[in-house]
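Those sequence lines, one after another, are chains A and B.
One point on numbering: in the numbering used here, the residue at position 33 of the first sequence is 16, and numbering is uninterrupted.
One point on numbering: in the numbering used here, the residue at position 169 of the second sequence is 1212, and numbering is uninterrupted.
No lab work stands behind these hints: they were computed from the structure.
Hints are supplied without guarantee of correctness; some may be wrong.
[As the list claims (entries may be wrong)] Taking lysine-lysine pairs in the DSBU-like style, the calculated list, with each CA pair at most 30 angstroms apart, reads:
1. LYS137(A) / LYS1373(B)
2. LYS137(A) / LYS149(A)
3. LYS137(A) / LYS1240(B)
Nothing here was measured: the structure is a model prediction, and the numbers come from that model.
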Amino acid sequence: MGKNIKMALTNSYIQERLKEKFGDQVYNFEETYGMLSFEAPKDHNLKVMQFLFDDETLQFRFLTDLCAVNYPDDKGRELAVVYHLHNLVENVRIRFKVFTSVETPDVFTASQLFSSANWMERETYDFYGVNFVGHPNLKRILNVDEMDYFPLRKEYPLEDQTRIDKDDEMFGRG
Amino acid sequence: MLAHQQHNIKLPEGSIEKETTTLNVGPTHPATHGVFQNIMELDGERVVSTEQTVGYIHRAFEKLAERRPLYQITPITDRLNYCSSPINNMGWHLTCEKLLGVQTPKRVDYLRIIIMELARISDHLICNSIVGVDTGAYTGFLYVMQYRELIYEIYEEVCGSRLTTNIGRIGGFERNFSNTAFTKLEKFLNEYPKVLKEFENLFARNRIFMDRTQGTGGISAERALNYGFTGPNLRAAGVDYDVRVHSPYSSYEDFNFTVPVGKTGDNYDRFLVRNAEMWQSLSIIEQAYQKIQEFKGADAEVYHANVPEYYLPKKEDVYTKMEALIWHFKIIMGEVDMPKGEVYQAVEGGNGELGFYLISDGGRTPFRLHFRRPCFIYYQAYPELIQGGMLSDAIVTMSSLNLIAGELDA
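Just chain B, with the same shape it has in the complex (with noise of 0.2 angstroms):
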């Protein structure tokens, strides 16, 4: 059963075609980056319509969840948007902290706001070179993917893993940051502004790019709110939300930055508000690692907080002391029990407002457990944004949006 049969495809007025061509914009195609299908109606050039299908990389994450432990679903929050999967892990860190009532230390939250806007700087630099390809202008990519290089060497040296982070533990991280990591963080921070100046140079003027991106799938302000935009797409329609202003967590009021801000939300305004936060990602990481320095004596090696039923004690301790003993097992077997509660915490994902709603029953696994996934809910609008524009217009601007296959399916 064709999905256009369902519906009532009419030509638009003036159209010279007889009737619509359908066109698969299957799941496994260059231009979509990630695994997701749009059935096209397409009038020549112009897109009449289009039948989305998502659900391919679906792998039960909530139905999962309510089997693990706390600390078990650290490592599935990482596979939701696994472009920039520390702020995944954070927010997920940060929801377990809210509903057992831990305070983490500053120097954990200033660890954590470094990881977090390194991620950042990594989705975007992903989405806006992404685009560049879309358009045409290879090199960019790769010209930048020797710095994201180096941001999956600074997340090695802190957890083990690049891409599928699971860095970080429940109130705060598994050991301190090395001095290779603080080595590597300041070769990032000397080399990688000049970098993105020569990126920004290639498109943000470009004659070809602006042509291509100005006026293209665009979305009015309200329109945004209505469809449950957040995150850049959000901020390139004109409205200033960012959770990382609204609600601060893990010390982000602290810190000095601005939240760029569109008119049109078209593409252009998209690449050029996620440009703009990469520079102020950069602000911030700079800030924070300044601040870090400013810790002197005892306070400087403080890389988690006190939270016994959670966090796995020292091994040295494991093989010496009888509690510590006890609460390796206990953690390990998950035998330790939750509080009551319903949690609902936001973070500021690469693409907006990811939020965890985390029902607990008082037992060793979550009662209930969902992902709020800001690609799945303003991918909705993509019929709207693409209507009656060129098909090419349409692939830049599924670029644009950042689609994270994982994000839209968990």
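Chain A with its partners taken away, still in its complex shape (with noise of 0.2 angstroms):
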């Protein structure tokens, strides 16, 4: 068996097709073990995503995963946004990436556009910081809610320094 899904939709065609829309807001186009990957400046998040589901040809309407990346090296741009998009028709996925400063960590939310994005965002607030404008319930949601960091941050180690119940002589490590 095995379906082998003609693929009409080429990495080359998306690349055409956003350039042709977005022109040079659109760029670091890449394409890694097969899926086409590219930014975009972050306040044109929803304006891409939102192209990418409506056009005729394009049809990317599932929202696999939304997370985020800590580069805290790349100063301006140590937060990124990263979705990963599927066209279910075509069997084509795509990644689509926006970077944002620590300082101002502001990106539109997704979830009017895919209900999956809610509680993606949220973890992802959660652990990096991003604020998500436009969300309808930005709050923790896997750590507790009176944690005042961002544990996934590079800045961050492993362990909870602020834990003042265990006591290291008894981990071996007095």
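Please assemble the complex out of the two chains, which come individually in their own frames, going by the hints.
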């Protein structure tokens, strides 16, 4: 068995359509392991995703994943929000990134377009502190509500240094 | 601060109550199979709204993974969907192999498929029998546990553990499947179809079960896709998206199987889809077992690809040969650097598309590893599924969605 789904939608076609519509507002096109990946300025994230959703030839109507990455050395671009979109009909995946600085980590929310983005953005906020503008319920989801820092940022070590209840002696690290 | 005070909970039209009842279907509750909390607002028996809390079993896997070399991450992937941990392990190995550019031999792929489909059967058995338990039928659950036990024994023969298996290695398996493993597999293939048929007969046309599950917890295909549903829950709503067919991995394209699809996405359809998938998995295992028996001679002894940087050499070689000793040391101490790159690999887990997004900056540990957890994503839809329904239907919906707490929180 094994369906050989004819890929009428190629990465170069997607790139062309994006360039046509957005010009130099989409850049850093890369093709890693077969998946096209590109970037846009953070205030264009909804416009790009809406275009990818609505366009009849592109039809990226499934949000597979939404997460963030912290690049502490990239000044002004420390936090990247990465969207993985999927065209289920033609079976094509695409990766879309927006970068934001850590001082003003505001990105428009995708939860109006994709209901699945709701919790994924809460998780991203919880771990990285990305503020999703317009999110209906942006509060911590996996960590305790009282936590006052964003643990997955590279500046924080693996273990919580603010805990006073764990006795290092008992853990062999006294 | 009570959650329901934050939003305006309005009683529905025609209600005879004066205010809604707040019910805490708390994190420790026999009906929530796992730790997650729902603070429900009820109008009598009907659910008006619910506030969900997850994160009780959050173990910071994504942060942990940034400190561990690749093979040390396998044990933490076990603990995502712990009812079918081999699938998580294989998904992770496939991600690493994609990054490293490793091509696994066919025999390894077929062995992996056997293990993954056994895991899928084990996961769906739990889900379906628990839906039975929640509607009051306890016997089915205990009856099929005997066969889950046999599946665990098969895992034990291969990797030594039963539940959190840490099975396989990058490039293949840690040892060839022993004759005992194949004997147990044959026993399973001989005895299980009859048991599955009995289990199916217990529920599929049972008047009480059908009345409890039909028409409750339904979702349309459009809403399901918008909510990011994948796996049996999406297929019950009518969309035939299965990662094994769309982006075949580990030689799934060599196998003949159908993808069962439901219509209304309600609890009954989900039960039937999972049931049908178990039959399909059984067929795939039989085909894979036949294909494995066709390998002769040296081919029949192959159980891993040649990946010296990540696959521990044989102990006899470590004690006698220089390079093997050096590789052993480098691998154990995590001194091997990964190639740079970003890779996304998806596998069809028991609950849907389990994705691994791995960013490597050329060091010994991942720069970023993100798990795309299907349970977490579709659990968001739960308030919409139970809105306006009865409380007892909400409980059955929760178990028919197959929510595994480990995968919710990671």
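Verification of the supplied hints:
{"no.": "1", "hint": "LYS137(A) / LYS1373(B)", "in the structure": "holds (26 angstroms)"}
{"no.": "2", "hint": "LYS137(A) / LYS149(A)", "in the structure": "holds (23 angstroms)"}
{"no.": "3", "hint": "LYS137(A) / LYS1240(B)", "in the structure": "violated (53 angstroms)"}
Checked against the numbered hints listed earlier, the structure breaks hint 3 alone; every other hint is satisfied.
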